[in-house]
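J.: Using the hints provided, position chain B relative to the given structure of chain A.
Protein sequences, first through last, are from chains A and B. All letters in the first sequence, in the order written, are residues 1 to 321 by this note's numbering. All letters in the second sequence, in the order written, are residues 322 to 642 by this note's numbering.
Derived by calculation from the structure, the hints in this document are not laboratory data. The model shown is predicted, which means the values in this text are computed figures rather than measured ones. Please note: incorrect hints may appear among the correct ones.
[Said to hold, decoys possible] Away from chain B, derived, C-beta distances all over 12 Å, residues of chain A:
{"id": "1", "residue": "VAL47"}
{"id": "2", "residue": "GLY99"}
{"id": "3", "residue": "GLU106"}
{"id": "4", "residue": "ASN144"}
{"id": "5", "residue": "LEU183"}
{"id": "6", "residue": "VAL310"}
[What the hints assert, rightly or not] Among chain B residues calculated to face chain A with C-beta under 7 Å, some are:
{"id": "7", "residue": "PRO336"}
{"id": "8", "residue": "ASP340"}
{"id": "9", "residue": "VAL342"}
{"id": "10", "residue": "CYS349"}
{"id": "11", "residue": "VAL354"}
{"id": "12", "residue": "VAL362"}
{"id": "13", "residue": "ASP440"}
{"id": "14", "residue": "THR442"}
{"id": "15", "residue": "LEU528"}
{"id": "16", "residue": "LEU599"}
{"id": "17", "residue": "ASN601"}
{"id": "18", "residue": "ASN605"}
[To be verified] Derived CB-CB ranges, DEER-like:
{"id": "19", "chain 1": "A", "residue 1": "ASN280", "chain 2": "B", "residue 2": "GLN618", "range": "30 to 40 Å"}
{"id": "20", "chain 1": "A", "residue 1": "ARG8", "chain 2": "B", "residue 2": "ASP340", "range": "48 to 58 Å"}
{"id": "21", "chain 1": "B", "residue 1": "GLN618", "chain 2": "A", "residue 2": "ARG8", "range": "37 to 47 Å"}
{"id": "22", "chain 1": "B", "residue 1": "HIS433", "chain 2": "A", "residue 2": "GLY218", "range": "27 to 37 Å"}
{"id": "23", "chain 1": "A", "residue 1": "ARG271", "chain 2": "B", "residue 2": "ILE371", "range": "51 to 61 Å"}
{"id": "24", "chain 1": "A", "residue 1": "ALA95", "chain 2": "B", "residue 2": "ARG555", "range": "42 to 52 Å"}
{"id": "25", "chain 1": "B", "residue 1": "ASP340", "chain 2": "A", "residue 2": "LYS18", "range": "20 to 30 Å"}
{"id": "26", "chain 1": "A", "residue 1": "ASP55", "chain 2": "B", "residue 2": "LYS468", "range": "28 to 38 Å"}
{"id": "27", "chain 1": "A", "residue 1": "ARG16", "chain 2": "B", "residue 2": "VAL628", "range": "55 to 65 Å"}
{"id": "28", "chain 1": "B", "residue 1": "ARG543", "chain 2": "A", "residue 2": "LYS18", "range": "20 to 30 Å"}
Each residue gets a CB set at the ideal place from its N, CA and C atoms; glycine is no exception.
Next come the chains, spelled out residue by residue.
Number of protein chains: 2
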Amino acid sequence: MGEFDVIRHFFQRPPRRKDVVTGSGDDCALLRVPADALLAVSTDTLVSGIHFFADMDPVRLGHKALAVNLSDLAAMGAEPRWVSLALTLPQIDEAWLAGFAQGFLELADFFHVDLIGGDMTRGPLSITVSIKGVVPEQGAMHRNGAKPGDAIWVTGELGGAALALQHQFGQVMLPSEALPSLLERLEQPTPRVVAGMALRGVASSGLDLSDGLASDLGHILRASGVGAQIELDRLPLPQALLAQPDALRWQLALAGGDDYELCFTVPEAQRGVLATALANAGVNISEIGRIVAGAPQIEWLYRGEPVSLVLNGWDHFKEST
Amino acid sequence: MGEFDVIRHFFQRPPRRKDVVTGSGDDCALLRVPADALLAVSTDTLVSGIHFFADMDPVRLGHKALAVNLSDLAAMGAEPRWVSLALTLPQIDEAWLAGFAQGFLELADFFHVDLIGGDMTRGPLSITVSIKGVVPEQGAMHRNGAKPGDAIWVTGELGGAALALQHQFGQVMLPSEALPSLLERLEQPTPRVVAGMALRGVASSGLDLSDGLASDLGHILRASGVGAQIELDRLPLPQALLAQPDALRWQLALAGGDDYELCFTVPEAQRGVLATALANAGVNISEIGRIVAGAPQIEWLYRGEPVSLVLNGWDHFKEST
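This is chain A alone, in the form it adopts within the complex:
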């Protein structure tokens, strides 16, 4: 097989979506966007040695590369439809490519997303995924809509992926029965696409948690011009994280990153419809605090009392939209 054929073999398939007028195999993909919706676009790069270990299972890596990108669409309540994949590889490794394609395309199929093109180049291993979806203009969930009095919610659990990473670094020792589900949180996160779409018209603001609640909630606070109180004892944490010492627990839960859960705010008037809206989203939600008037800062509360936390930042100059 020539190199072009290898790539075609693993990634090129006839379009499945009827709104793909021209798929891969021409200079561009041509797509039909519904007239009553906005196009939502987000791009993420994962670099070997920075965002994942070079020897990470390619099936899981393929899943994760798409999942973190889908999470950005979920954060705005958009419905994913099409994705471009730019893959830079040091060499053609057919087994690796087969695994990566499997993980990537299985998740794409699950959400009815068509791979509509991209680029393959030789170079140090890195993956850039650009997802495209649609969202009704009035339904999109922005960062700037939070108001004092709104409740703050998150989907799923926080800190599990960061705890698994600490285990991989040899910094903590986890019980073997806890490890598989935490590793899955790290390597195969479930993007909250269905929850995001269900929150259209319910949440006043929202985003996805990639760097950790402390940093990411700050984006909502600054964009909305409000402050927040977070009740640490209401954070949804995996059992194995609850078992860790205080400092490590809060560090991983609030600044560990890689959660890919949604954080969103809900006005009191919408509280009643929230549970119904998310009944079929396939994920639990937890109320963890409230928006308050004031400077864009987070006040941490424990059993109702303010506490001060020292959290170490995490910045590989990632700035993603």
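T.: Here is chain B on its own, set in the frame of chain A:
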């Protein structure tokens, strides 16, 4: 300046286009696509050491990264509107970033394209650009529409960029007066966006030349199920390339790559409108051959007689859509 601030400083600007509902600074960009057009999407990656020299002038690199991507839209006759930029950098170098942003944004502004987001990560230098534009469904220029009897045309000149690269490699010595324009062909190609849009409804097929005419025309021939005759003595070549020995001249003109000119086919019925359609496209066009019935192969002619050429391929497993 913190790292986030650096990035914002160089790349983040308020949206200029009215169809950018939400620009960078949220989880996704939200864009308004006209109801009567298709969305055209293309993605390209440039890797340091593969597609460009690591010490390439950043202004020119910023220009080229966007230009090669715009060229894919031009190849389908699409109008560019929005672009995402994923930049992976070994370190924050403010002078380099300022130069890159300048080259990238000046070209974007020239074509009224808004930078609507992307990603910045640490890692080996590479650049992934994903351009988005619009094209009327009936006007898009595909690869599969060529018919026997159609004339084959190209914009601009062929082989100039490849000749400049040979000079940089020390393989040829060019006269100093020829060098600037050839280097500009290599490092600051002009994407044929206006020509591509003008060819809507005129060309029966088309694409842009990135790997060289011999390879790229093959895509049209296979997609259309036809053959071609190319008259070597009608190829538009820069003076400095005409001065090279035969074998090198044809190698660079036909398989050198990096031309970013359009190659397109025109039915006889459209011949009369071609000159008028392209009058304001800012580039000359040359008729170089014709489509013939038969297997998807190119017959090379010189002064009307068939000649055989041996061309060396160029494949860094690039497969781009």
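J.: Against this structure, judge whether each hint is valid.
T.: Okay, the hints, checked on the actual structure:
In this structure VAL47 of chain A is not separated from chain B by more than 12 Å, as the shortest Cβ-Cβ distance comes to only about 3 Å. At the 12 Å boundary, the C-beta of GLY99 of chain A stays outside the reach of chain B, the nearest C-beta of that chain being 18 Å off. No beta-carbon of chain B comes within 12 Å of the beta-carbon of GLU106 of chain A; the shortest separation is about 21 Å. Not every CB of chain B is more than 12 Å from the CB of ASN144 of chain A (nearest about 8 Å), against its label as outside the interface.
For LEU183 of chain A, the condition that its CB be more than 12 Å from all CB atoms of chain B holds, with the nearest at approximately 23 Å. Chain B leaves VAL310 of chain A outside its interface by the beta-carbon criterion, the shortest separation being 19 Å against a cut-off of 12 Å. Below 7 Å, beta-carbon pairs count as interface contacts, and PRO336 of chain B has none with chain A, the closest being about 12 Å; its hint is therefore violated. Hint status for ASP340 of chain B relative to chain A: violated, with the closest Cβ pair at about 9 Å, above 7 Å.
The beta carbon of VAL342 of chain B is positioned within 7 Å of a beta carbon in chain A (closest approach about 6 Å), and the interface hint is therefore held. Evaluation of the CYS349 of chain B hint against chain A yields a held restraint, the C-beta minimum of about 4 Å falling below 7 Å. For VAL354 of chain B, the interface hint holds, since its Cβ comes within 7 Å of a Cβ in chain A; the closest pair sits about 4 Å apart. For VAL362 of chain B, the shortest C-beta to C-beta distance to chain A is roughly 5 Å, which falls under 7 Å, so the interface hint holds.
Interface restraint check for ASP440 of chain B: the shortest CB-CB distance to chain A comes to about 4 Å, inside 7 Å, so the restraint holds. With a cut of 7 Å, the hint placing THR442 of chain B at the interface with chain A holds, because the nearest CB-to-CB distance is about 5 Å. Because the beta carbon of LEU528 of chain B sits about 5 Å from the nearest beta carbon in chain A, less than 7 Å, this interface hint is met. Checking LEU599 of chain B against chain A: minimum C-beta separation of about 19 Å lies over 7 Å; hint violated.
For ASN601 of chain B, the interface hint is violated, since its Cβ never comes within 7 Å of a Cβ in chain A; the closest pair sits about 22 Å apart. Below 7 Å, beta-carbon pairs count as interface contacts, and ASN605 of chain B has none with chain A, the closest being about 22 Å; its hint is therefore violated. For ASN280 of chain A and GLN618 of chain B, the hinted distance range of 30 to 40 Å is not satisfied, since their beta carbons lie about 56 Å from each other. For the pair ARG8 of chain A and ASP340 of chain B, the supplied restraint of 48 to 58 Å is violated, since their beta-carbon distance comes to about 34 Å.
The beta-carbon spacing between GLN618 of chain B and ARG8 of chain A, approximately 21 Å, falls outside the hinted interval of 37 to 47 Å. One distance hint, 27 to 37 Å for the beta-carbon pair HIS433 of chain B and GLY218 of chain A, holds here, with the actual separation near 34 Å. A C-beta distance of roughly 54 Å is found between ARG271 of chain A and ILE371 of chain B, which places it inside the suggested range of 51 to 61 Å. Against the hinted window of 42 to 52 Å, the Cβ-Cβ separation of ALA95 of chain A and ARG555 of chain B comes to about 48 Å, which satisfies the hint.
Taken as a hint, the range 20 to 30 Å holds for the pair ASP340 of chain B and LYS18 of chain A, whose Cβ atoms sit roughly 24 Å apart. Taken as a hint, the range 28 to 38 Å is violated for the pair ASP55 of chain A and LYS468 of chain B, whose Cβ atoms sit roughly 52 Å apart. Look at ARG16 of chain A against VAL628 of chain B: about 46 Å separates their beta carbons, and that is not inside 55 to 65 Å. For ARG543 of chain B and LYS18 of chain A, the hinted distance range of 20 to 30 Å is satisfied, since their beta carbons lie about 26 Å from each other.
Going down the numbered hints, you'll see the structure goes against 1, 4, 7, 8, 16, 17, 18, 19, 20, 21, 26 and 27, while the others check out.
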